[in-house]
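Peer 1: Position chain B relative to chain A; hints supplied.
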Amino acid sequence: VPTLDLLVNGARRRVEAGAQESLLSVLRNEIGLTGAKYGCGEGQCGACTVLLDGRPTRACVTQASAIGPKTAVTTIEGIADGERLHPVQQAFLDADALQCGYCTPGMIVEAVALLRRNPRPDDAAIVEAMQGHVCRCCTYPRIVRAIRETARGGAGKRT
Amino acid sequence: MEEDAFLDVERYELSERLPYRFAVDRRGFLQLVGVVVLVTVARSDAQESGRRSADESGPSDLAAWLHIAEDGTVTVYTGKVEVGQNARTSLTQAVADELHAPVEAIRLVMGDTDLTPYDMGTFGSRTTPVMAPRIRRAAAAARELLKEEAAKEWGVPVPELEVADGHVSHAPSRRRIAFGSLTRGRKLVRALGEDSPTSPAAQWTVAGRSLPKVDGRDFVTGRHRYTSDLAPAGMLHGRVLRPPAIGAVLESVDLSPAEAMAGVVAVRDGDFVGVAAPRADVAGQALESLKPAWKIVPQPSGRDLYKDLRKAAAPSSGEGRRPPPFVVGSVSDGLAAADHRLESTYTVAYIAHIPLEPRAAVAEWAEGRLTVWTGTQRPFGVKDELAQAFRVSEDKVRVIVPDTGSAYGGKHTGEYAVEAARLAKAAGRPVKVVWSREEEFRWGYFRPAGVIDVRSGVDAAGKLVAWEMHNYNSGPSAIRTSYVAPNQHIEFHPAESPLRQGSYRGLAATANHFARESHMDELATLLKLDPLEVRRRNLEDKRFLAVLDAAAERFGWQKRSRTPGRGCGIAGGFEKGSYVAACAEVGVDGDGTVRLLRLVAAFECGAIVNPEHLRNQVEGALLMGLGGALFEAVEFDEGKILNPRLSLYRVPRFKDVPELDVVLLDRKDLASAGAGETPIVGVAPAVAGAIFDATGVRLRAMPLAPRGVAKPETTSAKG
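Going down the list, the protein sequences come from chains A and B.
Each residue of the first sequence is one higher than the one before, counting from 13 in the numbering used here.
Each residue of the second sequence is one higher than the one before, counting from -17 in the numbering used here.
If we strip away everything but chain A, and leave its shape as in the complex, we get (with noise of 0.2 angstroms):
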């Protein structure tokens, strides 16, 4: 099994990966970190996604292979600060935005870079950047709520 190397949430790991594979497998089996999900494996669902040097990537749908040694490969278990939670995590919990919690770190890490590039989203920036993830339990409205939350520099509000 050939190997790559990656950089992923600021660590450098050499990892054993099929020449077909997935980041997401690669991230979920080889290296372990399990908080990047299956949803659809089409790019359809956002559960996988990940930040490449911080864009958010469908990592169902990326090969590993594809990926240079030098791309930041960011997971939600890279977002927080140690053990203190990045804003969005934060709004997420304060505005409930999540039920079974499957679609959750696909869902942060998307609002993590739409902040990162448009600090302050409208409603629609946020539904637009949004859309391409689905939340079965249908949290939307609170999701929405809790980047606006960010957003505005403020804890999201408990109703």
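Because the hints were derived from the structure by calculation, they are not lab data.
Be aware that one or more of the hints could be misleading.
Below, in silico cross-link-like pairs of lysine to aspartate or glutamate (EDC-like), each with a Cα-Cα straight-line distance of 16 angstroms or less [what the hints assert, rightly or not]:
| no. | chain 1 | residue 1 | chain 2 | residue 2 |
| --- | --- | --- | --- | --- |
| 1 | B | Lys637 | A | Glu140 |
| 2 | B | Lys129 | B | Asp147 |
| 3 | B | Lys524 | B | Asp366 |
| 4 | B | Lys169 | B | Glu349 |
| 5 | B | Lys637 | A | Glu95 |
| 6 | B | Lys445 | B | Asp435 |
| 7 | B | Lys277 | B | Asp263 |
| 8 | B | Lys541 | B | Asp512 |
| 9 | B | Lys637 | A | Glu89 |
Peer 2: Chain B only, in chain A's frame:
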């Protein structure tokens, strides 16, 4: 009586059998120090919540148990599982409330068949009305036991003691002791039945408030381990060979190409063929290397579905599953006397659950004992399935359910647990099987499709004099009407479904409410009455009226918009102890595209346990409901699912979310009912009413407008 009806419903909707037939110690969980409280169940509902046989340890009618360790940790054991409905949080609140222990000290062990008492399953919105009171009783009994111990120790009367924050205290002597310290290495056991008192909702201090999700942090950091995230040492990744179409029979398969691959285990056992490999990608390659030959067996197509369902509902087809019709008075007499008569037929398509975490299981055999971690709503049911499949006694099987990435009624069966266990048995190592999204669509089961005929008669004052309703295949949940009618005939007709079908959030209550509430709207049109008014004239149930009025008021029903291209609808219902009413406003574009603009719902489920989590559940059920209402449908042809992917099957997304407003009615004088299901039932009829209001087109098929209103397939009568 009511319980029996409930069981019959679930039995019908759980009638699917295992897909495979393979060629064929008691756990000392009470050996603990500290306080142990056992909750036993009354004989009357032992069938649901106790267990059926005495083959497991502990009292035969144990429902839940609670342990307080010497460090003060409170552990509650319940067979219920967490699938996103936040039962872990609401049950924690129940314990904290009665025990007066800090929330942080309370831990729930859920859905572990070695540790938790038998439970039929997490479905039917039963956790809040049935399990929470049991756990409350356990916690209340533990509190009293601790007080008695403290009273003995200090030589003071029990009534002088107070319990707060995990401590018993005696104010007159200024003494205070932690729960755990009271037991001093002993084991204090108390067993109690169903009759012990618990606090009324008016006295709740922890319940009734919006306690945040107890382990929320694990989910936002990606730290929570779902079944599909588990990887015990030496684990292999398993894949299962699937037929090209439903009913296809395997004629031959050559396993040797897979077996030639390094580390790959390939299994054929009866109808089952699967592979397992140390690497996930290699497992996929091994599966692809198999060249099976299949015999295709002709299967029905979706084209004639509704005709087929009527045909299949011949009296003999549903033998043993057919509940008797509900009959009051004489419908024909009522119709003869009616001033107006109306007949219409409604249809509901198959839809898919699509739990975002696919069905998954990790299985491990060790010393003749099988342990399976799996996301299921029925851990004990899956345990039975495993014991049967492998012909081992039940005490050789343990099922553990990690908090699961949703289910919505879709994770009642254990075939994926069986698959992982079969591969693990062959491999002699743990094996994980995670279904692909396509496998989910093709080999899970669906919410039943159905045809519903309604015939009614009303008098000149708009009061129902006759009501007849026949549901073919979709199910009997909420088939009875809440509207007052002196003559009724209501009947469910089971059918042979061309597709595998089973439970889904709300079961058939969604279909039956769609038909009933749409028909009430049609009567309103016939009588030239306001849709709310026709309902009011036929309702006596004050709780139903209360949600209708609350939704109408918040929505502004009486002064609703009359903008061209826009319309409003209202619908309501009752199921599983709770009431919902929904008002919808839609916009219909020139090309027929329907957009849901606004949705207001009022919901009442007795005393509210956790307002924020309840609101979240209600919102989620409403929005999930809009998928089935407007566009979700499984398409199939000759035994093949034609849209088995998220790129082909549309689910609600961010852009589909309307302006949403939920009114919660808190009835502290009523017992709390479950809330995860019923809010879904009002959406489709409210939207159908709104589309009619906007366009004059009455849509009687769910989904209402997958391709817009103007298309003929949505406006033609079906059935």
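Peer 1: Which of the numbered hints above does this structure break?
Peer 2: As far as the earlier hints go, 3, 4, 5, 6, 7 and 9 are violated by this structure, in ascending order.
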